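Chains as they are written, first to last, in our numbering: chain A, 92 to 205; chain B, 117 to 225.
Hints were generated in silico from the structure; no laboratory data involved.
Treat the hints with caution; some may be incorrect.
[Said to hold, decoys possible] Chain B side only, calculated, beta carbon under 7 Å to chain A, not exhaustive:
1. 131
2. 148
3. 150
4. 158
5. 159
6. 160
7. 162
8. 165
9. 182
10. 208
11. 209
12. 210
13. 215
14. 216
15. 217
[Claimed, not checked] Calculated pairs, BS3-like style, for lysine-lysine (alpha carbon to alpha carbon, straight line, at most 30 Å):
16. B:224 x A:100
17. B:224 x A:148
18. A:148 x B:209
19. A:105 x B:158
20. B:158 x A:161
21. B:186 x A:100
22. A:162 x B:118
23. A:148 x B:118
[To be verified] The following residues of chain A were derived to be distant from chain B, with all beta-carbon distances above 12 Å:
24. 104
25. 108
26. 109
27. 111
28. 119
29. 145
30. 146
31. 154
32. 159
33. 195
Note that this is a predicted model, so its numbers are computed, not measured.
Ideal Cβ placement from N, Cα and C applies to all residues, glycine included.
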Amino acid sequence: DGGITQSPKYLFRKEGQNVTLSCEQNLNHDAMYWYRQDPGQGLRLIYYSQIVNDFQKGDIAEGYSVSREKKESFPLTVTSAQKNPTAFYLCASSIVRQRNSPLHFGNGTRLTVT
Amino acid sequence: QKEVEQDPGPLSVPEGAIVSLNCTYSNSAFQYFMWYRQYSRKGPELLMYTYSSGNKEDGRFTAQVDKSSKYISLFIRDSQPSDSATYLCAMSKRDDMRFGAGTRLTVKP
Chain A
92 DGGITQSPKY LFRKEGQNVT LSCEQNLNHD AMYWYRQDPG QGLRLIYYSQ IVNDFQKGDI
152 AEGYSVSREK KESFPLTVTS AQKNPTAFYL CASSIVRQRN SPLHFGNGTR LTVT
Chain B
117 QKEVEQDPGP LSVPEGAIVS LNCTYSNSAF QYFMWYRQYS RKGPELLMYT YSSGNKEDGR
177 FTAQVDKSSK YISLFIRDSQ PSDSATYLCA MSKRDDMRFG AGTRLTVKP
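If we strip away everything but chain A, and leave its shape as in the complex, we get (with noise of 0.2 Å):
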């Protein structure tokens, strides 16, 4: 069954420790991105990948950083440097490059950092 995998569910992690979301695919689609969930907002654009080992900063990717080493997996790393880290991570993906198309998303990692 194609689909977004995201690991782990739930995370917790204390203050000042980088914090590594595992994001697989095996949709075969080219862009992923990496979004993040806050109550009252939408959804805010993290960074995103349209091809292998390129990648794109999205609106609030301060705090963040990816690697896209392979097609089927865009790792997120939450950094000490990122100021409220306490959040629900969403992975994308669609099948073209163009920002404009549909997203197919994973179920989501919330990350609770204390």
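With chain A held as given, fit chain B onto it using these hints.
Frame of chain A, contents of chain B only:
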């Protein structure tokens, strides 16, 4: 002013009611309009994808776009308890996509 405005609700309706969900936007460059449904602790799933003004129907769901008023709507007919979720509007142009904050809907049996 936010680029996309969506009433967060919550909206509660009885089973069988017609539901109307709405978003307004400020950027006239948006050309593609989407509605996503998001169940609790899950990722959003695409419900409707439309281009240009007019109506698009899919089963019990109708998406309406009025570009002149910068207003989009999603209508749900014969609403069911399984429709209880948060509904996100989204709109895009070639190099950008923006989301509303979502409207939380509860359909009571």
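Task: Structure-inconsistent hints, enumerated in ascending order - done: 1, 9, 17, 21, 22 and 33
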